[in-house]
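There are 2 protein chains.
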Amino acid sequence: MRVILDAMGGDNAPYVPVLGAVQAVKEFGYKVFLVGREEAIKKELDKYSFPVSSIEIVNAEDVVSMEDQPSEILKKKRNSSLHVGAKLLKSGEGDVFVSAGNTGAVMAVSLFTLGRIKGIDRPAISAILPNLKSQTFLLDVGANVDCKPVHLFQFAIMGEAYARYVLKEENPRIGLLSIGEEDTKGNELTKGTFKLLAKAREKGLNFVGNAEGRDIYNGNFDVIVCDGFVGNVCLKLSESVAKILAKILKEEIEKHFISRLGALTLLPAIKGFKKRIDYAEWGGAPLLGLKKPVIIAHGSSNAKAIKNALRVGVEFAETKVVEHIEENMEKYGKIDGN
Amino acid sequence: MRVILDAMGGDNAPYVPVLGAVQAVKEFGYKVFLVGREEAIKKELDKYSFPVSSIEIVNAEDVVSMEDQPSEILKKKRNSSLHVGAKLLKSGEGDVFVSAGNTGAVMAVSLFTLGRIKGIDRPAISAILPNLKSQTFLLDVGANVDCKPVHLFQFAIMGEAYARYVLKEENPRIGLLSIGEEDTKGNELTKGTFKLLAKAREKGLNFVGNAEGRDIYNGNFDVIVCDGFVGNVCLKLSESVAKILAKILKEEIEKHFISRLGALTLLPAIKGFKKRIDYAEWGGAPLLGLKKPVIIAHGSSNAKAIKNALRVGVEFAETKVVEHIEENMEKYGKIDGN
Chain A
1 MRVILDAMGG
11 DNAPYVPVLG
21 AVQAVKEFGY
31 KVFLVGREEA
41 IKKELDKYSF
51 PVSSIEIVNA
61 EDVVSMEDQP
71 SEILKKKRNS
81 SLHVGAKLLK
91 SGEGDVFVSA
101 GNTGAVMAVS
111 LFTLGRIKGI
121 DRPAISAILP
131 NLKSQTFLLD
141 VGANVDCKPV
151 HLFQFAIMGE
161 AYARYVLKEE
171 NPRIGLLSIG
181 EEDTKGNELT
191 KGTFKLLAKA
201 REKGLNFVGN
211 AEGRDIYNGN
221 FDVIVCDGFV
231 GNVCLKLSES
241 VAKILAKILK
251 EEIEKHFISR
261 LGALTLLPAI
271 KGFKKRIDYA
281 EWGGAPLLGL
291 KKPVIIAHGS
301 SNAKAIKNAL
311 RVGVEFAETK
321 VVEHIEENME
331 KYGKIDGN
Chain B
339 MRVILDAMGG
349 DNAPYVPVLG
359 AVQAVKEFGY
369 KVFLVGREEA
379 IKKELDKYSF
389 PVSSIEIVNA
399 EDVVSMEDQP
409 SEILKKKRNS
419 SLHVGAKLLK
429 SGEGDVFVSA
439 GNTGAVMAVS
449 LFTLGRIKGI
459 DRPAISAILP
469 NLKSQTFLLD
479 VGANVDCKPV
489 HLFQFAIMGE
499 AYARYVLKEE
509 NPRIGLLSIG
519 EEDTKGNELT
529 KGTFKLLAKA
539 REKGLNFVGN
549 AEGRDIYNGN
559 FDVIVCDGFV
569 GNVCLKLSES
579 VAKILAKILK
589 EEIEKHFISR
599 LGALTLLPAI
609 KGFKKRIDYA
619 EWGGAPLLGL
629 KKPVIIAHGS
639 SNAKAIKNAL
649 RVGVEFAETK
659 VVEHIEENME
669 KYGKIDGN
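Protein chains in written order, with our numbering: chain A, 1 to 338; chain B, 339 to 676.
It is worth saying that the hints were derived from the structure and are not from the lab.
In this text, all values refer to a predicted model and were calculated from it rather than measured experimentally.
Worth double-checking, as some hints may not be accurate.
Unchecked claim - In silico PhoX-like cross-links for lysine-lysine, where the CA-CA straight-line distance does not exceed 25 Å:
| id | chain 1 | residue 1 | chain 2 | residue 2 |
| --- | --- | --- | --- | --- |
| 1 | A | Lys-195 | B | Lys-486 |
| 2 | A | Lys-133 | B | Lys-581 |
| 3 | B | Lys-471 | A | Lys-247 |
| 4 | B | Lys-486 | B | Lys-629 |
| 5 | B | Lys-541 | B | Lys-669 |
Said to hold, decoys possible - Taking CB as the label site, the calculated pair distances span:
| id | chain 1 | residue 1 | chain 2 | residue 2 | range |
| --- | --- | --- | --- | --- | --- |
| 6 | B | Tyr-386 | A | Glu-181 | 32 to 40 Å |
| 7 | A | Lys-203 | B | Arg-539 | 45 to 53 Å |
| 8 | B | Ser-429 | A | Asp-121 | 52 to 60 Å |
To be verified - To be clear about the criterion: a stretch of chain B counts as covered by chain A if any three or more of its residues have a C-beta under 8 Å from a C-beta of chain A, and this derived list gives those stretches:
| id | region |
| --- | --- |
| 9 | 479-491 |
| 10 | 519-526 |
| 11 | 552-559 |
| 12 | 571-579 |
Where a beta carbon is used, it is the ideal one built from N, C-alpha and C, also for glycine.
Starting from the given sequences, assemble the full structure and let the hints guide the process.
Here it is, written out as structure tokens:
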């Protein structure tokens with residue numbers, strides 16, 4: 001597979017993206033296009049050895065910063081690594097585009113360049129979260145802060161395709177994030193969405209019903225949909241709870257002498273624990289609803305996270321999720337009043 | 339102080355509330371009115387020894403279940419422990435009312451019986467959450483699932499009074515839960531709320547700005563406001579993340595022989611850790627916006643959680659938060675277009 005990587009995106013670009021790309025071509029055998037300022041990328045690449053034909057630099061002079069407003073970028077930075085990368089994807093020279101840059105900008109430029117899947121009103125950013133059994137596919141986590149029921153309904157249809165074909169769930173269990181299990185619980189948005197999903201259930205969609213905050217991590221659902229405001233709050237809250245609990249545990253260990261002695265023997269367990277909750281293991285966030293696959297990686301990604309984001313991107317492209325979303329729209333998307 | 343306790347509320351009533359009351363009168367010296375079916379309460383009370391004059395039973399024949407709809411309870415169960423308890427509070431025979439019953443029902447009956455503070459449109463349920471430094475006061479966590487900016491604005495004013503007088507924060511830092519620190523980030527609701535809070539800041543309210551999901555537990559804010567849908571999702575998500583991380587850690591310890599040996603020495607640390615994240619230590623959720631103090635305890639409260647809910651209730655009453663909310667409304671509540 002041929003991956004297009006924004007070499008200028010993220011907190012430590014181009015150092016981190018270049019190193020992530022080198023690791024990915026060596027470990028997975030991908031072909032990677034590094035898009036960005038040629039000189040800067042070349043300087044980084046020269047540090048490493050790798051099969052020469054596997055990495056190609058594509059020059060793009062403009063650099064998008066975290067402070068740039070998406071609307072400004074569309075107008076004024078037309079030769080940015082985002083624009084050049086998205087165009088390469090559109091023209092078919094690569095199979096997937098990955099960026100750890102400014103989320104709003106990646107979203108805006110990708111949408112502008114690639115266009116939406118027919119029938120999908122709003123693309124969504126998703127998160128693949130580890131749960132007790134496997135993983136939960138949560139969307140939207142930040143692209144759409146004010147939604148209507150039809151948007152959440154479409155998120156469910158897109159999530160179903162991703163969970164089925166990429167995460168290999170045979171018949172993905174779909175949940176609607178709400179504040180009670182009962183069908184009648186929720187706010188105006190979720191109550192409206194519930195009705196649409198219940199209709200799609202009659203056509204075969206495996207809509208289980210309302211999910212609660214606790215269901216994101218307990219493995220009772222494969223796909224959970226919510227608006228981008230709620231999803232983003234959940235994502236940031238989870239990251240912080242995990243960090244804070246680790247810190248409290250550490251403080252308690254340091255308080256008790258006997259525990260301090262025992263803590264050394266715990267190192268293998270703590271390492272396994274960290275690996276299971278470390279986002280770097282899970283890679284980037286698929287952007288769903290566009291005509292081609294795009295992955296948004298965390299701005300603070302390290303090289304390993306970039307490498308894994310490329311892997312997630314290749315799975316996204318290989319499994320033809322875009323086509324499967326189109327099939328799902330055909331199957332479930334036509335609903336009265338929708 | 340005189341506490342009115344719903345003896346019929348919660349998963350194991352009247353066993354748990356009665357035991358919690360006995361522990362509270364012994365440890366704190368409160369006077370407790372146990373409201374509910376006299377026979378059932380008496381049977382439980384007979385198991386324990388305590389200063390006889392400190393506990394009094396007030397009979398109420400109707401029992402509210404978790405399945406009862408709030409509107410039905412108002413009409414059909416007028417002699418429920420909720421009605422009788424709220425009336426005792428209204429008449430001044432007690433200082434605070436505590437219930438671990440059906441949240442919607444406690445809310446509805448309390449609102450109906452006690453009425454709202456002048457100028458407050460919607461009472462809110464709050465949660466006192468442990469953070470890295472002290473605690474965060476989060477509201478609303480479930481009473482109001484669809485809110486307008488003015489409601490969140492009033493939550494902030496109420497939260498300020500609680501944090502200042504009960505949690506003893508000198509100048510409580512108030513945050514608006516959103517999806518980015520920048521003033522312009524958020525959805526329609528938070529953007530509208532931001533404007534109202536910014537106006538109150540000119541009058542002296544310590545509104546710091548937007549908070550993110552991670553700020554609920556990191557101690558950067560004393561009060562965080564959000565709508566009841568988002569707050570409820572956050573609360574349930576946090577409880578589950580904590581439980582799941584503990585489970586993952588346990589699994590990892592069991593996987594590694596050397597860690598298994600060391601785990602024994604960790605017991606004191608793990609005990610301290612559990613104590614710090616255990617909701618039972620923190621007691622119930624203050625219901626703010628009513629003319630008298632009401633506390634809603636967790637439905638699955640054990641006796642210790644009930645005892646601590648009574649303590650939280652007494653602090654709520656003693657510090658005269660209701661009067662301080664009225665003062666805050668006078669000071670900050672009159673805003674153009676509000």
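Hint check results:
1. Lys-195(A) - Lys-486(B): At roughly 24 Å apart (the allowed maximum being 25 Å), Lys-486(B) and Lys-195(A) satisfy the hint.
2. Lys-133(A) - Lys-581(B): With Cα atoms ~14 Å apart, Lys-133(A) and Lys-581(B) stay inside 25 Å; holds.
3. Lys-471(B) - Lys-247(A): Since the Cα atoms of Lys-471(B) and Lys-247(A) sit roughly 12 Å apart, the hinted pair holds (cutoff 25 Å).
4. Lys-486(B) - Lys-629(B): 22 Å, holds
5. Lys-541(B) - Lys-669(B): 8 Å, holds
6. Tyr-386(B) - Glu-181(A): 32 to 40 Å: 36 Å, holds
7. Lys-203(A) - Arg-539(B): 45 to 53 Å: 51 Å, holds
8. Ser-429(B) - Asp-121(A): 52 to 60 Å: 56 Å, holds
9. 479-491: That given contact holds, which follows from 3 residues of the region 479-491 of chain B lying within Cβ reach (below 8 Å) of chain A.
10. 519-526: holds (count 3)
11. 552-559: holds (count 5)
12. 571-579: This one holds; 9 residues, not fewer than the three required, reach chain A with a Cβ under 8 Å.
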